[in-house]
Amino acid sequence: MSANGATLVANNIHKAFGDHEVLKGVSLSVQRGEVVTLIGASGSGKSTFLRCLNLLEMPQQGELAIGAHRFAFGKGPRAPKDAQLAQLRENVGMVFQHFNLFPHMSVLANVTEGPRQVKGMARTEADALGRDLLAKVGLADKADAFPSRLSGGQKQRVAIARALAMKPEVMLFDEPTSALDPELVGEVLSVIRNLAAEGMTMVLVTHEMTFAADVSTRVGFMNGGIMAEIGTPEETIRQPRSERLKAFLSRFHETH
Amino acid sequence: MYVWEFAALKPYWGLIGQGLLVTLFYTVTTVVAGLLIGLVVGILRTTAPRWVSVPLRLYIEVFRCTPLLVQLVWMYYALPVLIGVDMSPAMACFVALSLYAGSFYAEIFRGGIEAVDTGQWEAGRAIGMRRGKIFRRIVLPQATQVMIPSFINQTIMQLKNTSLVSVVAVGDLLYQGSVITATSYKPLEVYTIVAVLYFVVLFPLTLVADQIETRMGAHR
Numbered sequence: 001m002s003a004n005g006a007t008l009v010a011n012n013i014h015k016a017f018g019d020h021e022v023l024k025g026v027s028l029s030v031q032r033g034e035v036v037t038l039i040g041a042s043g044s045g046k047s048t049f050l051r052c053l054n055l056l057e058m059p060q061q062g063e064l065a066i067g068a069h070r071f072a073f074g075k076g077p078r079a080p081k082d083a084q085l086a087q088l089r090e091n092v093g094m095v096f097q098h099f100n101l102f103p104h105m106s107v108l109a110n111v112t113e114g115p116r117q118v119k120g121m122a123r124t125e126a127d128a129l130g131r132d133l134l135a136k137v138g139l140a141d142k143a144d145a146f147p148s149r150l151s152g153g154q155k156q157r158v159a160i161a162r163a164l165a166m167k168p169e170v171m172l173f174d175e176p177t178s179a180l181d182p183e184l185v186g187e188v189l190s191v192i193r194n195l196a197a198e199g200m201t202m203v204l205v206t207h208e209m210t211f212a213a214d215v216s217t218r219v220g221f222m223n224g225g226i227m228a229e230i231g232t233p234e235e236t237i238r239q240p241r242s243e244r245l246k247a248f249l250s251r252f253h254e255t256h
Numbered sequence: 001m002y003v004w005e006f007a008a009l010k011p012y013w014g015l016i017g018q019g020l021l022v023t024l025f026y027t028v029t030t031v032v033a034g035l036l037i038g039l040v041v042g043i044l045r046t047t048a049p050r051w052v053s054v055p056l057r058l059y060i061e062v063f064r065c066t067p068l069l070v071q072l073v074w075m076y077y078a079l080p081v082l083i084g085v086d087m088s089p090a091m092a093c094f095v096a097l098s099l100y101a102g103s104f105y106a107e108i109f110r111g112g113i114e115a116v117d118t119g120q121w122e123a124g125r126a127i128g129m130r131r132g133k134i135f136r137r138i139v140l141p142q143a144t145q146v147m148i149p150s151f152i153n154q155t156i157m158q159l160k161n162t163s164l165v166s167v168v169a170v171g172d173l174l175y176q177g178s179v180i181t182a183t184s185y186k187p188l189e190v191y192t193i194v195a196v197l198y199f200v201v202l203f204p205l206t207l208v209a210d211q212i213e214t215r216m217g218a219h220r
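Going line by line, the protein sequences match chains A and B. Oh and the first sequence: position 123 is 123 in this note's numbering, straight run, nothing missing. Oh and the second sequence: position 173 is 173 in this note's numbering, straight run, nothing missing.
Just chain A, same shape as in the assembly (with noise of 0.2 Å):
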């Protein structure tokens, strides 16, 4: 596993709610400064697999290493311990799509909370790394603002901010514009583009194809609870070759 240098290598895995598998035996492998975006329709499991990616789910079976984090699933290997599931998510950021930003704490005191409460990271320093990381994504004016005051795109944009601050090797983003209005996915979107022009590695689950065409440097199609297709955008978007993919993509260009 991971003989091939990779940052991020998910293999194998499973995942089931009770009776319904919702992750029928994932692999996926990501370079460093890679982006790659998954599609598929609601219930493929592509969410479910990004959460497995951090280890929000457990997985059942497989296999996931992410740089000098190793974990394997099933009956025999132990559990993760609390400790380790820490240290790995350390590591990988995550945004989600309802931002799940903590709504009694400033925007500054969102970002500089896991640095300063799981780092160690002396005030100073983590406000300074703070307002950096908001002035990055174009919200420095905010840092003392309350996310109740903010709009969807801008509550966005400092939960990218804030898990940027732990200064992560892989990015992970659960659909990130879905929740918007539709004239605020545009500001995200180009902060989640310039993030991937710096080079940070990302897995993204998204709807926006134009934009997985545009950013990704590989696409993966989802169904069914198994990566039916990857490949560059060009191969999966623009020349799909499974039926499904492309009846997938054709009720995207009807809707969008």
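Hints were generated in silico from the structure; no laboratory data involved. Mixed in with the good hints, there may be bad ones.
[What the hints assert, rightly or not] Cross-link-like lysine to aspartate or glutamate pairs, in silico, EDC-like; alpha carbons within 20 Å at most:
no., chain 1, residue 1, chain 2, residue 2
1, A, K119, B, E122
2, A, K167, B, E122
3, B, K160, B, D210
4, A, K81, B, D210
5, A, K119, A, E169
6, A, K167, A, D132
7, A, K142, A, E169
8, A, K75, A, E21
9, A, K75, A, E57
10, B, K133, A, D82
11, A, K167, A, E125
12, A, K142, A, D132
Given the structure of chain A, go ahead and fit chain B onto it with the hints provided.
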């Protein structure tokens, strides 16, 4: 027309003051103890396995579904016999009032904790925070905000409920009132003063509660 004679109570002011202090003492101590019980029980009810949470549920329901007066009397007369320990009236009252308050506070805590969106837990986990830290820094502060109005209500009830300790001859405000009545033969004046004193202590508390509620509303 009844002629009020509050002046007749002059010799008893000291006693009334003493009674008020006992009432306040019982309120403060049993609220603090009740909050501690409630916090622990409330947290365990949301996180602990069934063999812990089911007995806790039983505790809560027993204390919520029996009258406090019955609990006080039972603690004083029955419990000492059962466990073979002498319990002073003061101790019995403290135990009963604390457990009673704890059962209500526990439900308030549980409700508040469960009202916090699971996305908050996930956001904390996603930046590498551990369970305990997420609970203390992310979930509990938000839960507390939701709980404050219920807390204040319950605390007001608790102060009023302390009047029941007079039944087992603990010298609270109401008990002193009845003692004074027996010697002064002025029940109207005495019990009016007692009522006014309860009101004077509690009414400002409700104002504070209102203010906190409005302020919190403005935050959302």
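Consistency of the hints with the structure:
no.	hint	in the structure
1	A:K119 - B:E122	holds, 18 Å
2	A:K167 - B:E122	holds, 18 Å
3	B:K160 - B:D210	holds, 19 Å
4	A:K81 - B:D210	violated, 45 Å
5	A:K119 - A:E169	holds, 15 Å
6	A:K167 - A:D132	holds, 13 Å
7	A:K142 - A:E169	violated, 26 Å
8	A:K75 - A:E21	holds, 17 Å
9	A:K75 - A:E57	holds, 16 Å
10	B:K133 - A:D82	holds, 12 Å
11	A:K167 - A:E125	holds, 14 Å
12	A:K142 - A:D132	holds, 12 Å
Of the numbered hints listed earlier, those contradicted by the structure are 4, 7.
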